[in-house]
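Enquirer: Here is how the chains run, residue by residue.
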Amino acid sequence: MKELKRENGLVVLRFDRGEDFMGSLTSWLNENDVRSAAILCGIGMLSDMEIGRYDGREYARRTEPESCEILSLQGSVSMKEGSPFVHLHVSYADHDFNAVGGHLFKGTVSMTIELVVAPMSPGLVRKPMGGVFWQMDS
Amino acid sequence: MKELKRENGLVVLRFDRGEDFMGSLTSWLNENDVRSAAILCGIGMLSDMEIGRYDGREYARRTEPESCEILSLQGSVSMKEGSPFVHLHVSYADHDFNAVGGHLFKGTVSMTIELVVAPMSPGLVRKPMGGVFWQMDS
Amino acid sequence: MKELKRENGLVVLRFDRGEDFMGSLTSWLNENDVRSAAILCGIGMLSDMEIGRYDGREYARRTEPESCEILSLQGSVSMKEGSPFVHLHVSYADHDFNAVGGHLFKGTVSMTIELVVAPMSPGLVRKPMGGVFWQMDS
Chain A
1 MKELKRENGL
11 VVLRFDRGED
21 FMGSLTSWLN
31 ENDVRSAAIL
41 CGIGMLSDME
51 IGRYDGREYA
61 RRTEPESCEI
71 LSLQGSVSMK
81 EGSPFVHLHV
91 SYADHDFNAV
101 GGHLFKGTVS
111 MTIELVVAPM
121 SPGLVRKPMG
131 GVFWQMDS
Chain B
1 MKELKRENGL
11 VVLRFDRGED
21 FMGSLTSWLN
31 ENDVRSAAIL
41 CGIGMLSDME
51 IGRYDGREYA
61 RRTEPESCEI
71 LSLQGSVSMK
81 EGSPFVHLHV
91 SYADHDFNAV
101 GGHLFKGTVS
111 MTIELVVAPM
121 SPGLVRKPMG
131 GVFWQMDS
Chain C
1 MKELKRENGL
11 VVLRFDRGED
21 FMGSLTSWLN
31 ENDVRSAAIL
41 CGIGMLSDME
51 IGRYDGREYA
61 RRTEPESCEI
71 LSLQGSVSMK
81 EGSPFVHLHV
91 SYADHDFNAV
101 GGHLFKGTVS
111 MTIELVVAPM
121 SPGLVRKPMG
131 GVFWQMDS
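Chains as they are written, first to last, in my numbering: chain A, 1 to 138; chain B, 1 to 138; chain C, 1 to 138.
Because the hints were derived from the structure by calculation, they are not lab data. Hints are supplied without guarantee of correctness; some may be wrong.
Any copy will do: because identical chains look the same in the list, a pair fits if it lies in one copy or spans two.
Taking lysine-lysine pairs in the DSBU-like style, the calculated list, with each CA pair at most 30 Å apart, reads [to be verified]: (1) LYS127 / LYS80; (2) LYS127 / LYS106; (3) LYS2 / LYS80.
Only chain A is shown next, with the shape it has when bound in the complex (with noise of 0.2 Å):
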C-alpha cells in the first residue's frame, strides 16, 4: 500500500495484489493518527471478499471468492472501544457484470485498489445501541 497524494483535505492510496484490504486500510488510519475520516470512493478489483446485510439482529454473509470489478465504495472512519473501525459499503460487479453488494468484512487486493479518504480530526466515535448494531455519534 502506498500512499500516493495529499492535498485540499483528501488522501489518495493504492493498494497493491495480495493484500488484506481492511487490515492495510486500518494500519495506515493507525500508523496516521487517523480517528474520523470518510471514505469518499474506491474502484480497483477485490477477491474473497467477504460482505453483510443486516437483519436487524445480524449479519447475513455472503462470501465472493472471485476476483471482481469494485464499482463503488463509500464509508466512515469512527473510534469504536479504543480502536478505528472502518464503515464500509461496496458495490461490485459479477461475471455477467451484475451488481452486488453489501457491508464489507473482508477483502483481498486481486489488482489495485484505488481510494480517497478524507481524514478529519477526532471527534467520531461509536456508541453500541443493542444487538450488533453500533451508532456513529459525535
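Given chain A's structure and the hints, the job is docking chains B and C onto it.
Expert: Below, chains B and C without anything else, positioned relative to chain A:
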C-alpha cells in the same frame, strides 16, 4: 438527525431510525441555508424507498418496502423554484445481495444513514427544460 | 459541457445531451491542465455505454445501447504516456432497476451528467505492469 462533524468543506450527517430521509435532509439544508452542495457519499439502511427511472418523458417507479443496505448515495443540491432541491441517486442491495437502484424519491431511515455533504456557496440552480426535466445550471 | 462551480477543492461539471462523456471530460482536463484528480461522484443518464470487466489478461466487454440512470461514478485522473487518463467505474440501472456496472470505456450523455471532480496538483501517473494493466503511482 445530527450533524456530527464539519471540517475541510465536508459535513458528516447522521440520520436516525424512523426519519423521513429526504424530508430531514431538506430541513437541514433549509435550517443551514445551504443552497448548493455536492452529496458525496452515504451508507446505512433505508426502508419504504421509492425510486425512479426516467424514460425520456416521465419516471417509471418502483417501491421497496423492506429495509435494505444502502451501497451508495451520490448527488447534488441546487435551487429549484426558490427551494433547495436534492437530486440523489441510490444503489441498494436486495435480499439476495443483488444491487438495485435509481433516482431516489423517498425512503425511511431503518437503522442509520451516514451522509457526507460538501456545502457550497449559492449558485447552483435548476432550470426547466421541458417535461419533467430540470437541468442543473449556474 | 459547462463548469458550474469551483469551490473548496471541488469542481461541479454538467455534461449535456449528445456529448461523448469521456471525450468531453478529457477535453476539460486538457483545457484546464488537470493532470491528477479524484472523481468523487456522478449521476445522470448515459446511453451507448461500453463497460468492461478485467479477467486478469484483458477486458470482457458489454455494450448498453439504452439510456440508463447512472447510480454512481468513481475514479481518478492520472498521467499515462503524457496525457491525462480517466480511470472510471460506473454503476447504472437497467430497465428493471437492476444495477449493472464495470470499468467505463465510453458513453453518450442522454439527459445530463452531474460530475464532481477534485483536481489536484500534478503527481499521479500510470506505470505499465505487464499486459493491459497500468498501475497508478506517484
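Enquirer: With reference to the structure, classify each hint as holding or not holding.
Expert: Against the structure, the hints come out as follows:
1. LYS127 / LYS80: For LYS127 and LYS80, only the intra-copy Cα distance (7 Å) is at most 30 Å; the inter-copy one is 38 Å.
2. LYS127 / LYS106: Both, since 22 Å and 27 Å are each at most 30 Å.
3. LYS2 / LYS80: Classified as both; 25 Å inside a copy, 19 Å across copies.
Hint compliance for this structure: no hint is broken.
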